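*Asks:* Sequence:
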Amino acid sequence: MLQFLNLNIKSMKTIKAFFFICLIALAACSSNTNQTAKTYKSVDEMVADARVQITEITVSDFHTLMNGEDPYVLLDVRLPKEHDKGYIPGSVSIPRGVLEFRIASEKVWDEEGLYVPEKEELLILYCKKSNRSPLAALKLQQLGYKNVKVISGGWHGWHEAYPEISEDNIEEGGMEYAATEEEDSGGC
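Numbering (mature numbering (1 follows the signal peptide of the UniProt record, and there is no 0)), first residue to last: -27 to -1, 1 to 161.
Just so you know, these hints were derived from the structure itself, not from any lab. Values in this document were obtained by computation on a predicted structure and should not be read as measured data. From the three backbone atoms N, C-alpha and C, an ideal C-beta is built for every residue, glycine too. It is possible that some hints are incorrect.
[Said to hold, decoys possible] Pair ranges (Cβ atoms, derived):
id : residue 1 : residue 2 : range
1  : D57       : A134      : 20 to 26 Å
2  : G63       : E93       : 18 to 24 Å
3  : S66       : G41       : 20 to 26 Å
4  : D83       : A10       : 31 to 37 Å
5  : D83       : K14       : 38 to 44 Å
6  : S66       : T12       : 28 to 34 Å
7  : D141      : N40       : 16 to 22 Å
8  : G63       : D22       : 28 to 34 Å
[Stated by the list, open to error] List of simulated lysine-lysine pairs, DSS-like, C-alpha gap at most 27 Å:
id : residue 1 : residue 2
9  : K122      : K11
10 : K92       : K11
11 : K102      : K54
Start from the sequences and build out the full structure, keeping to the hints where you can.
*Replies:* As structure tokens, this is what we get:
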């Protein structure tokens, strides 16, 4: 009988330990699901917060990468009308507003004659002045892409440094006209 009581006490301790571990796990899970999104006072504050969570490269660093042997995927996250006015050669236009939905779409990449990027591949992003691309890079990181970088200075920085290595489809008025028009339309 004493042996039965001893066995019961050990079983009870095991059961209590099991329930205690389950309770801790449940508490941890519920605290993760109740997290609220951070609130920002301005979009500038939001972009600044994104910048500390992503990696930026300079225009000249990208130029070196572009002329090297290392593979990368170059994404222009501006609006299509901005991309049509001028872009970095080899870039694929996927606007920031739909990036999360299109990045893994075989249809999108088939249309470009490319394959869907793997989560480990180097993704280089740019926008107009490097304000939208950090936000886009952060979202891609949250989707599991491990090697995402942003060209600091964006299209403007690239075009200033390498105007001869830009695809410009701008008629009379040049870049100044296009930049003014984009600023009026809200491009960042």
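*Asks:* Hint numbers the structure violates, sorted upward?
*Replies:* none
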